[in-house]
Structures are given as C-alpha cells and as structure tokens.
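Number of protein chains: 2
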Amino acid sequence: MPKTTRFHHLTIALVIALSLMFAGSAVSKANAAPKYSWKLAMTWPTNFPIFGDAVQKMADLVKVMSNGEMEIRIDSKNKHKAPLGILDMVKGGQYEMGHSASYYWKGKDVNLMFFTTMPFGMIAPEQYAWFYYGGGMELMEKAYSRHHVYSFPGGNTGNQMGGWFQKEIKSEADLKGLKMRIPGFAGEVLSKLGVVVTNIPAGELYTALERGNIDALEWVGPSLDLNMGFHKIAPYYYTGWHEPATELQFLVNQKKFDALPEYLQAIITTAMELSAYDMYSRSMNDSAVNWDLIQKDYPDIKIRTFPKEIIAKLKIENNKLLNEQAAKNPMFKEILDSQRSYMKKVRNWTKISDYAYLKDNISE
Amino acid sequence: MPKTTRFHHLTIALVIALSLMFAGSAVSKANAAPKYSWKLAMTWPTNFPIFGDAVQKMADLVKVMSNGEMEIRIDSKNKHKAPLGILDMVKGGQYEMGHSASYYWKGKDVNLMFFTTMPFGMIAPEQYAWFYYGGGMELMEKAYSRHHVYSFPGGNTGNQMGGWFQKEIKSEADLKGLKMRIPGFAGEVLSKLGVVVTNIPAGELYTALERGNIDALEWVGPSLDLNMGFHKIAPYYYTGWHEPATELQFLVNQKKFDALPEYLQAIITTAMELSAYDMYSRSMNDSAVNWDLIQKDYPDIKIRTFPKEIIAKLKIENNKLLNEQAAKNPMFKEILDSQRSYMKKVRNWTKISDYAYLKDNISE
Numbered sequence: 005m006p007k008t009t010r011f012h013h014l015t016i017a018l019v020i021a022l023s024l025m026f027a028g029s030a031v032s033k034a035n036a037a038p039k040y041s042w043k044l045a046m047t048w049p050t051n052f053p054i055f056g057d058a059v060q061k062m063a064d065l066v067k068v069m070s071n072g073e074m075e076i077r078i079d080s081k082n083k084h085k086a087p088l089g090i091l092d093m094v095k096g097g098q099y100e101m102g103h104s105a106s107y108y109w110k111g112k113d114v115n116l117m118f119f120t121t122m123p124f125g126m127i128a129p130e131q132y133a134w135f136y137y138g139g140g141m142e143l144m145e146k147a148y149s150r151h152h153v154y155s156f157p158g159g160n161t162g163n164q165m166g167g168w169f170q171k172e173i174k175s176e177a178d179l180k181g182l183k184m185r186i187p188g189f190a191g192e193v194l195s196k197l198g199v200v201v202t203n204i205p206a207g208e209l210y211t212a213l214e215r216g217n218i219d220a221l222e223w224v225g226p227s228l229d230l231n232m233g234f235h236k237i238a239p240y241y242y243t244g245w246h247e248p249a250t251e252l253q254f255l256v257n258q259k260k261f262d263a264l265p266e267y268l269q270a271i272i273t274t275a276m277e278l279s280a281y282d283m284y285s286r287s288m289n290d291s292a293v294n295w296d297l298i299q300k301d302y303p304d305i306k307i308r309t310f311p312k313e314i315i316a317k318l319k320i321e322n323n324k325l326l327n328e329q330a331a332k333n334p335m336f337k338e339i340l341d342s343q344r345s346y347m348k349k350v351r352n353w354t355k356i357s358d359y360a361y362l363k364d365n366i367s368e
Numbered sequence: 005m006p007k008t009t010r011f012h013h014l015t016i017a018l019v020i021a022l023s024l025m026f027a028g029s030a031v032s033k034a035n036a037a038p039k040y041s042w043k044l045a046m047t048w049p050t051n052f053p054i055f056g057d058a059v060q061k062m063a064d065l066v067k068v069m070s071n072g073e074m075e076i077r078i079d080s081k082n083k084h085k086a087p088l089g090i091l092d093m094v095k096g097g098q099y100e101m102g103h104s105a106s107y108y109w110k111g112k113d114v115n116l117m118f119f120t121t122m123p124f125g126m127i128a129p130e131q132y133a134w135f136y137y138g139g140g141m142e143l144m145e146k147a148y149s150r151h152h153v154y155s156f157p158g159g160n161t162g163n164q165m166g167g168w169f170q171k172e173i174k175s176e177a178d179l180k181g182l183k184m185r186i187p188g189f190a191g192e193v194l195s196k197l198g199v200v201v202t203n204i205p206a207g208e209l210y211t212a213l214e215r216g217n218i219d220a221l222e223w224v225g226p227s228l229d230l231n232m233g234f235h236k237i238a239p240y241y242y243t244g245w246h247e248p249a250t251e252l253q254f255l256v257n258q259k260k261f262d263a264l265p266e267y268l269q270a271i272i273t274t275a276m277e278l279s280a281y282d283m284y285s286r287s288m289n290d291s292a293v294n295w296d297l298i299q300k301d302y303p304d305i306k307i308r309t310f311p312k313e314i315i316a317k318l319k320i321e322n323n324k325l326l327n328e329q330a331a332k333n334p335m336f337k338e339i340l341d342s343q344r345s346y347m348k349k350v351r352n353w354t355k356i357s358d359y360a361y362l363k364d365n366i367s368e
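Here the protein sequences line up with chains Z and E, keeping their order. If you count by our numbering, then the first sequence holds residues 5 to 368, one letter each, in order. If you count by our numbering, then the second sequence holds residues 5 to 368, one letter each, in order.
Don't take every hint at face value.
Pairs count within a copy or across copies, as identical chains cannot be separated in the list.
[As the list claims (entries may be wrong)] DSBU-like, lysine-lysine: derived pairs with alpha carbons at most 35 Å apart:
hint, residue 1, residue 2
1, Lys324, Lys300
2, Lys300, Lys348
3, Lys317, Lys110
4, Lys146, Lys363
By construction, these hints were calculated from the structure, which means they are not laboratory data.
Build the full structure now, drawing on both the sequences and the hints.
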C-alpha cells in the first residue's frame with residue numbers, strides 16, 4: 005500500500021470520527037435538527053395577545069436554554085379545533101403539552117376548578133405564595149395525578165373586572181332577570197341572585213351587548229377588554245369579585261415528561277414557571293396602559309363596585325355552593341380547607357402591608 | 005511500514021477523535037468537572053434565610069439546567085468580608101457575580117438607588133411591571149453601564165413594615181428627637197421631621213432597643229423580624245411607607261457575561277429572573293406564617309399607621325429631596341420621571357382592581 009493510500013485511510017478514520025464528534029457536538033451546540041420535538045395545544049386562537057405570548061415565551065426559553073436540543077411547536081385552536089379538549093389531548097398523548105385554564109375542567113372533575121382562581125379568593129401574590137410555599141402545588145399534583153398529567157401555573161391575568169353593565173346595579177332587585185354573560189362557577193353564584201346567566205361565543209359578544217340581547221358581560225380587564233371595544237357601548241365598569249387572580253395552566257403528559265433527561269425537565273419547568281410570573285407582570289402593565297387609554301378616550305366610563313348587600317349575599321351563596329360540594333367529596337374539601345386556612349393567614353399579612361400602604365397612597 | 009503499524013496509526017487517530025467526542029459529550033452530559041466555574045459574592049452572612057436561599061436557588065437552577073456545565077460558588081460576607089464591596093468586586097472581576105441591594109450604592113452613584121424601592125413608590129407587582137414592561141430594565145442597564153456590570157432583579161421582600169416603636173406616634177411632636185435605626189434615603193426623609201437617625205449593626209439592634217439606646221427601629225417585616233425578637237420588647241408595629249417593594253439585585257460582570265455562549269447566558273438570566281420572583285412568593289408566605297405566630301404568642305402587639313399629617317409631611321420632604329437631586333442630575337431626573345409617570349398609570353389600575361377588591365374583603 006503506497007504512502008498516499010495509508011494517509012487516505014488515516015484521513016477517512018479522522019473524518020468519520022470528527023464528523024461523529026461534530027454531529028454529537030451539533031446536537032448540544034444547536035443548528036442541527038432538535039433531539040426532542042414536542043407539540044403544545046392551546047385553548048387560544050392564533051396570535052392571541054398576552055396568553056399566547058406567554059406560551060411563545062416558554063417555548064423560546066426552552067429552545068435557547070437547551071441550545072436547540074428541544075423544540076416545542078405551538079398549535080392554536082385554529083389548528084386543532086378543540087379549545088376545550090386540551091386536557092384530553094395531553095392525557096391521551098396526542099400532545100405532550102397544553103396551555104389552558106384549570107377551571108375549564110370543572111365538568112370533568114370538579115376538584116380541578118380550584119387551581120385557576122376562586123370567587124372571593126386570593127389575589128395573585130397571595131395565590132402564588134399558596135402554590136409554591138403553602139401546599140398548592142402538592143394538592144394540584146394530587147388532583148391531576150388521576151388524569152396522568154402534570155399541571156403548572158401558566159400565567160396570571162391579575163384581578164379581573166366584574167364586567168361591563170348597561171345599567172347601574174343599586175340593589176339586589178336590579179340583578180333579578182338581568183341577562184349576563186359570565187361563565188363557570190361565578191355564573192352559578194350569580195344565578196342564585198336571580199341573574200340569567202348565558203354563554204355566548206367571544207366573536208358575538210359585542211353585538212349581543214350592543215343590541216341588548218344581554219345586559220352585561222364580563223371578559224377579563226382592560227388588558228384584553230380594550231380590543232373587544234365594550235367601553236364604546238356600555239357606561240358602567242364594575243370592579244371584580246369573581247376572579248381575583250386568574251391563573252392559566254400548563255399541562256404536561258406524565259410519561260413524556262418522565263422520559264426526558266433531568267436537565268431538560270429542569271429547563272421546561274423553569275421556563276413554564278418564569279413565563280407564568282412574567283405574564284402576571286405583562287397583564288399588570290397592559291391593564292395599566294389600556295385603562296389609561298380608555299379613560300382618555302371615554303372619560304365618562306363609570307367605575308362601580310357592587311353594593312355591600314350584594315357582595316355579602318354573593319359571599320353567602322358562594323360558600324353555600326362550596327360547602328355542599330365539600331360535604332360529598334373529600335378531595336374537594338381538602339383543597340377548599342387548604343385555600344381557606346391559607347387565605348386567612350396571608351390576608352392578615354396583606355392587610356397590614358400592601359393594603360395599609362395603598363390606603364395612604366390612593367385618593368378616593 | 006508494516007501493516008500493523010498502519011493499523012496502529014488508524015487506531016490512534018480514532019482514539020484521539022473518539023476521546024475528544026466523548027469529552028465533548030461528557031461536558032454536556034454532566035458528571036465531569038464543570039466547563040464554567042463562577043464565583044458569586046453576596047452581602048449576606050452564611051445561611052441567611054430567604055435572601056441567601058434565593059441565591060442558592062439561582063445557582064442550583066444554573067447547574068441543573070446546564071447539565072453540570074456551569075457551577076456558581078457562593079461566598080457569603082463571612083468569607084469575603086466586604087458586604088458593601090459587592091459592586092466593586094464584580095466590576096473589578098474578582099467575582100463574576102454578586103447579590104446585594106442597589107440602594108447600597110447610593111453613595112457611589114446616586115442614580116442606582118431607584119432600582120431597589122422608593123419611599124411612597126410602587127408595590128411589588130407594580131414595580132415588576134415597570135422593570136419588565138415599563139422601561140425599568142432599560143434604565144437600569146443604562147445606569148449600570150457606567151460601572152461595566154449588568155444588573156438584574158434579585159428577589160423581593162414585599163412591603164416592609166415601618167418598624168418597631170416603644171411609644172405610639174400620635175403627632176409630629178412625637179418624632180422630634182426620636183432615636184431610630186433606619187438606614188438609607190428613608191432615614192434622610194425622616195430626619196427632616198426631627199428624627200435622630202442612627203445606624204447600628206444588626207447584631208446589636210435587639211440590645212439597643214431593649215436598653216433604650218434607640219426608641220425605634222425598622223428591619224424588614226415578619227418574614228425576617230421574627231428571628232430578631234423585636235416583638236418581645238416593643239409594643240407598636242408600624243405599617244410601612246419607606247420600602248413598599250424592596251428588590252434585591254444580581255450583578256454580573258459584563259465581560260464575563262458577554263464571553264458566555266448564548267445558551268448559558270439564557271440559562272443564567274432565566275435562573276436569576278425566576279429566583280427573584282420566587283423570593284417574592286417566599287417572602288409573602290413567610291411574612292404570613294410569621295405574623296400569625298407573632299400574633300398568637302404576643303396578642304398585645306399593636307399595629308399602627310402614622311397619622312395622616314405625618315404621612316403628608318413625609319411625602320412633601322421625600323419629593324423635595326428627589327426634586328433637588330433631579331434639578332442637577334439629568335439621569336436621576338430621567339429615572340425619577342419614568343417611575344413617577346409609570347406609577348400614576350399603574351396605581352390607577354391597582355385602585356380599581358386589587359385595592360377595590362381588598363376593600364370588600366378585609367374587615368377593619
């Protein structure tokens with residue numbers, strides 16, 4: 005064998021070895037195809053602001069922190085056509101991940117409604133403390149283990165407004181027969197006071213309120229209400245009682261998560277947790293900016309809070325409904341008791357900290 | 005050259021190449037020595053709860069998310085002996101990172117005091133919105149670029165209590181000559197009302213208050229005050245006005261950060277941001293739990309808020325001091341204006357959201 009051939013053999017061995025080396029290196033040093041390609045289904049439409057941006061932020065963080073090893077493709081409801089089928093699709097493994105809100109699963113499993121927000125419940129900083137330091141995450145894991153998925157906080161809207169009303173609510177009598185769009189458990193509570201609760205698709209809400217098919221509706225707050233345009237057609241904007249800290253939710257298929265290497269589990273978990281907190285800051289900002297815009301363009305919008313007698317009555321009906329359910333469902337009772345006892349403590353702290361401070365720094 | 009020798013050459017090439025490949029792989033698959041070993045200096049002593057735990061959480065996240073590629077060693081003040089030298093040590097490169105509070109650098113660069121908290125300023129959720137969505141991060145980067153370090157939020161204590169007092173403060177006259185430990189800019193403001201402001205090392209505070217060498221002191225809030233034991237020797241616990249959202253701070257040497265690969269920059273940045281938010285939830289929880297303990301063991305502790313006339317006077321003196329500085333320092337003015345205009349908007353939102361809600365859900 006001539007010298008050149010020997011050299012050639014050496015070269016081939018090196019080229020193979022080096023190309024293997026670079027292939028290995030490429031996986032951890034990006035550019036190559038990702039080693040893990042996941043799909044996420046979300047309840048929201050394509051380009052839905054704030055909610056959709058939080059999901060995108062999570063996916064971007066996973067991609068950059070894993071140096072391209074892991075990618076998560078996001079499918080909106082426009083693609084998968086099942087906005088309220090997220091839990092089932094993640095459970096069944098069609099999607100490794102989902103993004104939705106836990107209270108949407110109330111009909112399937114009533115215990116899951118606690119992990120979004122509760123009427124007269126905790127505000128966002130209190131609720132985050134409950135999730136991460138007050139036993140909330142453990143209870144959520146326990147409740148979701150029946151469905152073989154992991155659940156994580158997925159972004160907070162902040163305190164939601166009580167809704168847009170065509171007429172001022174001065175007494176309980178004004179609620180009797182009032183047609184209002186308000187979904188979920190809060191709707192159940194309001195219906196006990198005589199409100200006729202309806203559910204109407206988002207795209208038809210403006211017209212329904214304008215034409216008088218409904219007398220009132222709740223959506224989110226200035227952060228997302230501005231684009232809906234309700235301030236152009238309803239003069240009263242009520243403060244909230246029903247969703248003081250709406251937390252969205254990431255869902256992850258247990259088997260798929262458990263099969264990931266530890267560092268990717270840590271990367272995903274951290275990306276979800278940060279995106280959730282970040283959405284709370286984003287919501288705070290967008291609510292502030294949009295409320296300012298609404299006030300400038302529509303200075304006659306009137307902020308109202310329900311009269312004390314109505315608030316008191318709503319609290320009674322709320323507790324009645326919760327206690328009824330707790331009497332027949334031990335896990336429901338366990339979660340309810342945890343939230344009630346935690347809120348008592350944390351609200352005592354809020355009272356002498358942020359609340360006492362705000363009293364001196366807000367002009368009525 | 006005999007055949008065996010040629011084979012030998014091939015083998016060597018393969019062994020070298022393969023060992024390089026596995027070395028590369030080992031770095032990204034843990035167990036090996038970390039590729040990046042950084043050191044962090046913090047202002048706090050060894051085992052300092054909450055603050056120190058937030059730093060540890062950040063370092064743990066970096067290690068697990070980088071799969072062991074990067075480690076950060078934490079030096080407490082017991083080791084480096086320079087609790088207030090963190091900015092200089094990170095700037096000088098002796099440490100790649102630091103953990104401290106931005107208002108400690110007021111004497112070196114008065115513009116840096118804005119990034120912790122300000123008397124009568126924003127509460128934590130408002131301030132996070134300012135940092136991440138209201139221009140705060142950009143202003144912080146601008147202010148710190150003079151010092152060649154990057155600065156990041158490093159954990160929030162929540163609203164700090166106004167302090168422990170031996171006597172009730174009923175009017176401005178009660179403040180004249182009152183000896184109080186309260187550091188920083190808030191001390192400057194209080195001194196305008198006749199308070200004799202002193203600074204006393206942490207370890208001597210309890211004895212100073214017990215023996216009457218001081219009449220009052222502020223520390224943090226129940227989360228950290230409980231261990232100090234002040235509730236055993238002072239009957240009045242005043243609500244806060246001076247530090248509504250104390251945010252600690254991570255510092256990173258610019259050159260060291262810029263030299264990291266993009267995915268490690270993302271991992272560190274995400275770990276810092278999450279640890280900061282997480283410390284806010286931890287502080288909320290520990291304040292709630294510890295305040296509950298204090299109330300149970302010392303039910304006679306009286307919560308007080310300064311009379312309206314004093315609050316009004318403090319606001320006037322606070323604004324006077326800030327405006328004086330703004331008149332001679334354009335960057336100071338830029339940051340002050342940003343915080344003031346943002347707070348106006350975001351407080352209008354807080355007023356109709358969390359504040360309106362709490363008013364209906366807190367019994368006085």
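Okay, the hints, checked on the actual structure:
no. : hint            : verdict
1   : Lys324 / Lys300 : between (42 Å within a copy, 30 Å between copies)
2   : Lys300 / Lys348 : between (38 Å within a copy, 14 Å between copies)
3   : Lys317 / Lys110 : within (23 Å within a copy, 52 Å between copies)
4   : Lys146 / Lys363 : between (39 Å within a copy, 34 Å between copies)
Checked against the numbered hints above, the structure breaks none of them.
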